[in-house]
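Both chains are sitting in their own frames, so use the hints and assemble them into the complex.
Taken in sequence, the protein lines are chains A and B. Just so it is clear: in the first sequence, position 129 is 129 by my numbering, and no numbers are missing. Just so it is clear: in the second sequence, position 320 is 320 by my numbering, and no numbers are missing.
Honestly, the hints are just simulated from the structure, not real lab data. Note that CB positions come from ideal geometry on N, CA and C, so glycine has one too.
Distance windows between CB atoms, simulated:
1) B:G137 with A:G225: 37 to 45 Å
2) B:P313 with A:Q342: 48 to 56 Å
3) A:L88 with B:Y319: 28 to 36 Å
4) B:F478 with A:N85: 38 to 46 Å
5) B:G137 with A:S250: 45 to 53 Å
6) A:T86 with B:I212: 31 to 39 Å
7) B:G20 with A:D84: 49 to 57 Å
8) A:D84 with B:G191: 20 to 28 Å
9) B:G137 with A:G334: 34 to 42 Å
10) A:I94 with B:F164: 43 to 51 Å
11) B:F164 with A:M149: 37 to 45 Å
In silico contact screen, one side only, chain B against chain A (beta carbon under 7 Å); selected entries:
12) P244
13) G284
14) G311
15) Q344
16) G345
17) T348
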Amino acid sequence: MDKAKQVGRLIALSLLLFSGAAEASWSDINMPQGVTAISHNVYELHMIIFSVCVVIGIVVFGVMIISMMIHRKSLGHEPADFHDNTRLEVLWTIIPIIILVVMAIPATKTLDAMYNSGKPDIKIKVEGYQWKWQYTYMNDDPSKVVKFMSNLKTPQDEIDNLAPKREHYLRDVDNPLVIPVGKRVEFLITSNDVIHSWWVPDFAIKRDAIPGFINTAWTVVDKPGMYRGQCAELCGKGHGFMPINVKAVSQADYDQWIAQKRDEAEKQYEIVGKTWTREELMKKGDEVYHTICATCHQPNGQGLPPAFPALAGSPIATGPIDAHINIVLHGKAGTAMQAFGQQLNAAEIAAVITYERNSFGNHTGDMVQPKEIDAKMKGGQ
Amino acid sequence: MSAVIEETHHDDHGHGPDKGLTRWLFTTNHKDIGTLYLWFSFLMFLLAGTFALVIRSELFEPGLQIVQPERFNELTTMHGLIMVFGAVMPAFVGLANWLVPPMIGAPDMALPRLNNYSFWILPFAFTMLISTQFMKGGGPDFGWTFYAPLSSTYSPPSTAFFVFAIHMMGISSIMGSINIIVTILNLRAPGMTLMKMPLFVWTWLVTAYLLIAVMPVLAGCVTMLLMDKYFGTSFFEAAGGGDPVLFQHVFWFFGHPEVYIMILPAFGVVSQIIPTFSRKKLFGYASMVYATASIAFLSFIVWAHHMFTVGIPLAGELYFMYATMLIAVPTGVKVFNWVATMWQGSLTFETPMLFAIAFVVLFTIGGFSGLMLAIVPADFQYQDTYFVVAHFHYVLVSGSVFAVMAAFYYWAPKWTGHMYNETLGKTHFWLSFIGMNVTFFPMHFLGLAGMPRRIPDYALQFTDWNMVATCGAYLFGFSQILFLFIVVQTIRGGKKATDRVWEGAHGLEWTLPSPMPYHTFTTPPTNMEEAHS
Numbered sequence: 001m002d003k004a005k006q007v008g009r010l011i012a013l014s015l016l017l018f019s020g021a022a023e024a025s026w027s028d029i030n031m032p033q034g035v036t037a038i039s040h041n042v043y044e045l046h047m048i049i050f051s052v053c054v055v056i057g058i059v060v061f062g063v064m065i066i067s068m069m070i071h072r073k074s075l076g077h078e079p080a081d082f083h084d085n086t087r088l089e090v091l092w093t094i095i096p097i098i099i100l101v102v103m104a105i106p107a108t109k110t111l112d113a114m115y116n117s118g119k120p121d122i123k124i125k126v127e128g129y130q131w132k133w134q135y136t137y138m139n140d141d142p143s144k145v146v147k148f149m150s151n152l153k154t155p156q157d158e159i160d161n162l163a164p165k166r167e168h169y170l171r172d173v174d175n176p177l178v179i180p181v182g183k184r185v186e187f188l189i190t191s192n193d194v195i196h197s198w199w200v201p202d203f204a205i206k207r208d209a210i211p212g213f214i215n216t217a218w219t220v221v222d223k224p225g226m227y228r229g230q231c232a233e234l235c236g237k238g239h240g241f242m243p244i245n246v247k248a249v250s251q252a253d254y255d256q257w258i259a260q261k262r263d264e265a266e267k268q269y270e271i272v273g274k275t276w277t278r279e280e281l282m283k284k285g286d287e288v289y290h291t292i293c294a295t296c297h298q299p300n301g302q303g304l305p306p307a308f309p310a311l312a313g314s315p316i317a318t319g320p321i322d323a324h325i326n327i328v329l330h331g332k333a334g335t336a337m338q339a340f341g342q343q344l345n346a347a348e349i350a351a352v353i354t355y356e357r358n359s360f361g362n363h364t365g366d367m368v369q370p371k372e373i374d375a376k377m378k379g380g381q
Numbered sequence: 001m002s003a004v005i006e007e008t009h010h011d012d013h014g015h016g017p018d019k020g021l022t023r024w025l026f027t028t029n030h031k032d033i034g035t036l037y038l039w040f041s042f043l044m045f046l047l048a049g050t051f052a053l054v055i056r057s058e059l060f061e062p063g064l065q066i067v068q069p070e071r072f073n074e075l076t077t078m079h080g081l082i083m084v085f086g087a088v089m090p091a092f093v094g095l096a097n098w099l100v101p102p103m104i105g106a107p108d109m110a111l112p113r114l115n116n117y118s119f120w121i122l123p124f125a126f127t128m129l130i131s132t133q134f135m136k137g138g139g140p141d142f143g144w145t146f147y148a149p150l151s152s153t154y155s156p157p158s159t160a161f162f163v164f165a166i167h168m169m170g171i172s173s174i175m176g177s178i179n180i181i182v183t184i185l186n187l188r189a190p191g192m193t194l195m196k197m198p199l200f201v202w203t204w205l206v207t208a209y210l211l212i213a214v215m216p217v218l219a220g221c222v223t224m225l226l227m228d229k230y231f232g233t234s235f236f237e238a239a240g241g242g243d244p245v246l247f248q249h250v251f252w253f254f255g256h257p258e259v260y261i262m263i264l265p266a267f268g269v270v271s272q273i274i275p276t277f278s279r280k281k282l283f284g285y286a287s288m289v290y291a292t293a294s295i296a297f298l299s300f301i302v303w304a305h306h307m308f309t310v311g312i313p314l315a316g317e318l319y320f321m322y323a324t325m326l327i328a329v330p331t332g333v334k335v336f337n338w339v340a341t342m343w344q345g346s347l348t349f350e351t352p353m354l355f356a357i358a359f360v361v362l363f364t365i366g367g368f369s370g371l372m373l374a375i376v377p378a379d380f381q382y383q384d385t386y387f388v389v390a391h392f393h394y395v396l397v398s399g400s401v402f403a404v405m406a407a408f409y410y411w412a413p414k415w416t417g418h419m420y421n422e423t424l425g426k427t428h429f430w431l432s433f434i435g436m437n438v439t440f441f442p443m444h445f446l447g448l449a450g451m452p453r454r455i456p457d458y459a460l461q462f463t464d465w466n467m468v469a470t471c472g473a474y475l476f477g478f479s480q481i482l483f484l485f486i487v488v489q490t491i492r493g494g495k496k497a498t499d500r501v502w503e504g505a506h507g508l509e510w511t512l513p514s515p516m517p518y519h520t521f522t523t524p525p526t527n528m529e530e531a532h533s
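Excised from the complex, chain B in its bound form (with noise of 0.2 Å):
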């Protein structure tokens, strides 16, 4: 392992940053990427941030007032593609990059051109994937999950520009976890053993090999569609022999562990951040680890829990509930551990820790939401309603979104060199989860009172929840301008960080100073006190 590093060190002796637009373009700098991918995610985030109150001005009352039909059906495919392919997954990779090398005691990513590729593929997916929306014919209206025969038969002429923008999606996130996943598993620095690597980049190592798993799933999806649609094959389609089921079973093989790809990364974000607020060492780590790896297996062997209501056997429906049931347990493992690191900690609150406690409690209502929509009789009334709206958007928004902002506030002082505004931290915090709680929460009554979703218009007995929803989305949405903010204003300046940052902070990243020099860990790091137990 030394020798490996040596070499990288050698070569990079005294070599800093290219000026101009080509350190960006041509950057192999695992920091110089993280900043790319971050900003990316922030820029996509705002972007399908804008589709969703679009959405739900459009819902603010019964009628057609802003969008017809059609272009909502658009904006609510594109919302749904946007963030989990443009600012979920690309947030994550962005905060690997910066993080991973650092917290192993690496210098780089072990493959940097690689990087660079992973990275510079996505500007031009979703630049082909957002052009569909001025298209002839109009964008791709079929929703994210794209089910066939209506992303087939019945879609617009735009849907090989969406199936061509999901597969480069896909190899750059394939190039991507390759490259996490050779950096984790050979640039560690002596010492740093499996069981001592802190839980984000074991989560990330997980979430890694799940994204191997599944992107080539999604690939092979959206490439039988593309021949059912235009080079006249039959694999949805029943009159040729085909089954359109098929397509959800391909879809959610590949769909669900998806949304472990986009919640394992924020289970280890957390993980680091309730232990430093709480001045104490994380409970159970070792379960920690056992539960992520349990999960991932788990994300395997549920996906038609997403199908209940397409006619599955009475034996098939059994087997993904318990399965799915299952999941509860690694879960509940997960929460209970960061619970009991918080019991008897020495507890502050500054604004990582917040976004981070708010992350355990809502995303664990998502989680029982999740539970109740296995139970497969009372998910025949939940299904595609308004309650799995409720339900996704506690996981992904308070879950995985949280973790990020949870992330910047946590890790910015040590890659920008300066402190954040405390207090404009905090009232970020205070309004995303104000805002965030006054939009979802209601949809739980919605979809209960049989709201479906994916509706531009609805009974007038929904209107008072969807007024609040509304109210509660912009505030949401316009608090992230603050984020923006706050994010511009660390970076140019602010009170200096120290090199520790944080009193109860551990881990090899905060040996460093603040900023990070250019290249991480020039000579490997032998402190591993400051490692994991």
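So that you can see chain A by itself, here it is in the shape it has in the complex (with noise of 0.2 Å):
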């Protein structure tokens, strides 16, 4: 008797802790259903394997449960003496064997789909670096590449539980992804540094950023929304902090994002993406230096010494290149020459630096890219 009040309370116990669990939403113990086809099979697949394993392990911990209740010497039982029963055993081995064939047909549907290769709409390169994502809307046309950085939004000071920590802590990033709704888009992933892992739980894709490789994934969405994911794939210290964030949005939004994007794109890219010519470069160097130099350095490039110094045959503008545009960049501490590196856009100071290597006399006959620069400015050199 005492062993049946022991397993009431049990019981009740478990029951308890059940309802505790009740309380949570499903969705907060359970697979995201998603938002995609594919992902719908998935949380399918998901929860037939699931229930195949709660139905064997009823009836195995049920068999056990009986005889630990039953087959107790406490009550008397005498032991069997079989050891043996070819016929069960190849039942046994049989049984799972066509259980797994069952569920290796919808499996391979589903993995089938996943890998069936369409033809995208839009193509993306997911690119992972310690610790953020890279997006890259790829387009043939080069001046129309969409690209951007995808960091972390939440202030470290949350983290560090100087602040209280507000809805989405850690799940939200400064500029998320933007794809259109009903569309197939591609995704190209890879990674710049470690290993990261790509995963939005709504739309079942988890692929792995690998370094020199490059891995595809698509998606069609569904209905509009923010999905949240994030880095799967241990990378560092700072594998906790890279979420994604992709909002799917309706076709016409999307063309609107998309065409303002490519807008900012191409202005950039005529700075510096493309690769200037010398007579542009001298054109518009001589246009840069009559307004902002000249004033100082004078229009024919001989300065007003000592104060200002001549550029025509200066060691700066005619020795190394580097030391020139570090000059022009960074300027001259306790002088006039100022920092243009925070007043001018990298194809200005280019511009200008190819126009002083190559007038006033001087003939150094080299010039710099505005890509150059930029990449000098955006290292912070």
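See below:
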């Protein structure tokens, strides 16, 4: 009787635990169904295999529990003497095989659908960095390639418990990836450094981002919304801090967004993306020199020494180009030479340096491209 | 065979253990070495467990509280490495040392000096590994799976120490397994045919072959890593013509058999214990042996199921999915056999039996999640989440670790001559059982809901279950102090154990006095009725 009481208590306790669990919403403890046909299939597959396991578990553990309840020495049960039964053993080898084959069929179908290579409407390169993502909307016209970094938005103070944690703590980025609903989007996934893994649970996509190799995945999202995921492969100390936000929008909204992004890209490309010819650089340089530099260095490049040194024949304008770039970008402390890296864009700086090195009797013959200047400006040099 | 035994026996006659430290340093006695292995493993278990508690404390709530991300990654790496190579594997080698000779009617292990070496390498290997925690630039922080290039180009300077520690552990394991194989194949008493060997001996024979096969692969893997990091090679570097995925293929070709190395001896332990407390012979002995061999074979051809997301072609994914699912068949046979052994028995529930039953139930739950993980499309959602963490802790903690604890309670009376305190033993069981489940069951939920593994901080919706898991971890962790107390108490004294110890126990080890004499069988036993079937 004592035992019965114990069992009763145990059942009460487990019910209590389960009711506690039931209060939590289902989505907090189960796989999301997601928003794509594939993610629905994956969810169903997950629920089928889970149910199969539950049923097998009930049978196996049921037999064990019955055995533990009635085949007890304390109840005077005498041990039987069997220790082999070929028919039974063959049976419980074959039945699992049948269950596995039945399981393998839908799994194979879903996997095949995932690997089905259709023609994508949009191709996006996803590149993992320690510890952020870079998204590149591929385009045959290099001036229209849209490319941006996507960083964690949560401030460090929230992580360090110095500020209250807001909704979507660690789950928001500054620049989400934007895709249209109903279109087949292909992701070309790779990495710049270590292995990362690009995971968006609502799309049932998880693909490793491997340096030097490109993995592909695709999705067609059914409904608009913000879908959140994060890096799933240990990639160093910032592994927990590189979330993924994908914003699925209507085609019209997407068109508007991408048009604006392309405009920006084109403008940027005009400045730093394309390769400038010497003539273009000299022309632009002439303009910039006479509006910005000529006030001090004079239109003829002779300057007004000692306050404003001459450029004609100067060691800077005829010496190594790096020193020249450096002084234009960062200025010279204690003199009137300002840091023009803060005031001019990369193209203007490249042009004016090229101009200065090939005018006023200077004939270095070299030139510098805006993209080189851009790299130096971004590199903080 | 008998000639070998007689020679050993003449040498050993009237020879007891040395006194003091030299007994342990120079010992060639299988029981002393077994004791050393078991204590070493227990120490490592407590150390790596402490790391786990720091990890769980950090994860109690969102935000960074106790450790910074760098240290967090070092802790997860050390926890994994020490638990696998320092706690679980040496524990089973310790059990093999204590049990294989008495179970097959041998006087000692076949290669006693090698036995000494294979143990004494370990403290040095682990001292070296743990010393990395105090080095400039930090310890290894790339997870116990140390995927390149995080572990090569981007790893801390202490990586070389990690590599050499792994080499030493590998040498130790290989020497240990050679010894076990030679002992089992050459030192069986006359009449102890292979198909009469206790299942524990069988599972260890298979495990030892697995070890010999894959430890060199691990050594190759860490050596290539070392070359990449320090000598400018590009095995795993795409820029130099290598492939980071190659690393994972090599690692998991070692890694998958490794997980069976950690569970097969546990199967053996449970297959000894369940018949004893069911007072009934093991059901399907032969099929148990075949299932063990099948699992070992399959373990070599399923490695890429750890890598479903690296971008394997469709045919590859399908092959590895089907092959992995197949493992469920022999594993199922084992579980059914244990259940059938209990069926119609005359069951009693002493501590070893409680641990063994918990093993069958919880290992099966871990097997179920393993089956789920084999389904590739679903695995894309499970991979690298807490679902995986839950899965492998179910098979490793309630699998391997519970089996080691069961083995202690079952054989300690034979080893020490004293019964353990049954009330304390049962208390330890229930605390461990509840603690283990409260810790790891909620991790299934966390993983499914989208929490990746190996992160020091998490989004707010994961808070509740992380808190539950942390509470469970404290319960489980601190219960092991009780285990330590029980172990010491049993060694120091307690009710005198009979030779048979357990009413339903069968096997040659139970024909020896309790405690076992320093030298096991000085003359080969003849009563093979005691052996299985």
